[in-house]
Structure formats: C-alpha cells, structure tokens
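Residue numbers (the working numbering), protein chains in the order written: chain A, 1 to 160; chain B, 1 to 160.
Treat the hints as calculated values from the structure; they're not laboratory data. As the structure is a prediction and not an experimental result, all values here were calculated from the model. Some clues are possibly wrong.
[As the list claims (entries may be wrong)] Once the Cα atoms are required to be at most 30 angstroms apart in a straight line, the calculated DSBU-like pairs of lysine-lysine come out as:
id	chain 1	residue 1	chain 2	residue 2
1	B	97	A	97
2	B	97	B	133
3	B	68	B	97
4	A	39	A	133
5	A	133	A	97
6	A	26	A	39
7	B	133	B	39
8	A	140	A	97
9	B	26	A	68
10	A	68	B	68
11	A	26	B	97
12	B	97	A	140
13	B	26	A	97
14	A	97	B	39
15	B	26	B	133
16	B	39	B	68
17	B	39	B	97
18	B	140	A	97
19	B	26	B	97
Protein chains: 2
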Amino acid sequence: MSDNSAISLPNASPAAESPFIQELVKQWRAQDGRGAWDKISDEVLIAPYIVTREQRRSLPLMGDPDAKTLLRLELFYSAVGLAIERRTGVAAMPMIKLHQEGFGRVVLLAGRLVVVSRNLRDVHRFGFESMEKLAAEGEKLVDAGVEMVNSFPEVVNYNS
Amino acid sequence: MSDNSAISLPNASPAAESPFIQELVKQWRAQDGRGAWDKISDEVLIAPYIVTREQRRSLPLMGDPDAKTLLRLELFYSAVGLAIERRTGVAAMPMIKLHQEGFGRVVLLAGRLVVVSRNLRDVHRFGFESMEKLAAEGEKLVDAGVEMVNSFPEVVNYNS
C-alpha cells in the first residue's frame, strides 16, 4: 500500500478521475524530473488551469503571454494528443502558432490529418472555470480528435 | 511599356520565370510597404536564398537561427502555400515549429488536411545551391501539395 491517500484532498472532485485529467496530470509529472512535486496532489498540480470569471477579468491582455501560461497551454494540448493516441493508437502532435497579443491557432496532427483545430484568443487567460469544465473541454477535444482519426484513416496513414 | 527591363540582369536565369519564383518575389515585395526595394531586381531580391556549398560550410549551427533566416524560411513556405492556392482555389497556411538549434517541422494546412509536411534541420543554412534548385524545390512542394488537395477534397472541405 502506498501512502497516496494521505495527499489527496478530502473534497476531491470526481472530475479528477476523468481519463483526460489523468493524462494532463501525467504531462505535468513528466516535467518534474527531480521529484520536487512528488508530495503535491494531482488537484493542486493542475490547479493553475482553474481561472474563475473574476480572475479572468483581472488578468491583463497586454503584451505576449508569459512562459508559465504558454506551458499550461502546451501541456493541455499535449494531453489531448496523448489521450487520442491512447484510444486510437495514432500519435497526435500539437503545433501552436501564436501571433502577437495572445491570438493564434493550435492544431493536433496525426499523419496528414488535422485531428483538432482551434483558434486561440486571450491566451493570457487560458483556463477553465472549474475542474469539471477542464475535464469536459479536454474530453470533448479528445472525442472530436478520435472521430476524425476514425473518419479518415487513409489520411492518417498517408505516406509521403 | 514599363522600364522593368532596365533592372533585370543581363544573365537572368530562366528559373526566374517559374511560377513559384514569381510567387516568392511577390511575398518579398509585399514586405516592402515603403517601396524601398522598387529598384531592386527580382533576382537580387531573392538572392539570399542562394547558399552555395562553401557558404553552407561557413555558417555556424550554434544557437537559434536569426530573424532574417526565419523570415526567409517563412516566406518560402508562404509562397508555396499561395502557389497551391492559385492552382486549387484552396488556401494553404504554413505553420512552423522550431525546436532549439535549428531543428523543427513545417506544415501547410488546407482545411483539415496537411498538404505539405517537412522536417527541418540546419535552418541556419536554409537556402539552395542555385536559382534553378530554388525553383525546382518550390515547384516540387507545390505539385505535391496540389496532389494532396485533389486526393482528399472531403478533408480540405471538412467543417468542424
């Protein structure tokens, strides 16, 4: 028996059990080569994704988003890609293009197929109102990506 | 009659007449809002793409490629995308992802289709041995992109 139970929060959200959230947590744990976050619970680890309406309003949109925000964005879409891979066996790689001022586009590519495509705006404020919304949004993107892979396998497997 | 003939070089390469080179020249002219390059011939304008074997060897691969090199790379692939659009009616947008040290990937996206995909290396040295090779490489990418668009129209036109 491990002592993992000691570090989970008493009011842990059931959303934390979603496969997408589990994938997202793995992405963050993978950043932690030295084990500095070993005693930090999953929920605390991904808490920066929760940005309430009030917090959103207080975040300035001037200039370019900072490195922490960009990492949050990148790992969110990496987690979507890995969850798609887990369900289809096909790797989906994120590419992010940011213009100035937090606008841009993110795509997830599997072979020659764009399995997920999103325009980005207000990247400075990238986040979700609750853990439930984070899980739901992640799962929605994963579902859409899986459907694309299944719809166009010949494009995914195209060899050039 | 315009006086364009006055600024073309006497030994102008026939490659300069290729549709791809014409598209590339347009990309560069579009950067020149003030008309500062109006008297510069097309061949001189895109001369930085010509990097001989000796020049390649002398270019250091340390650190990240500089802004001029990145612009050269971006406008090359923008020109490929616009030449594809001219032949198919479908816009093909470049996305470039550079890792450290000049490695990365470039894709051209039309709808949900990756019409061109290239791994990048030695971006510091991005260039071609001659105008003929620049034209040939550009046309090759355009041809491949057009073929992809024609092979998978349902992916290009997919609405999500």
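Which of the numbered hints are not met once you compare them with the structure shown?
-> 9, 14, 17
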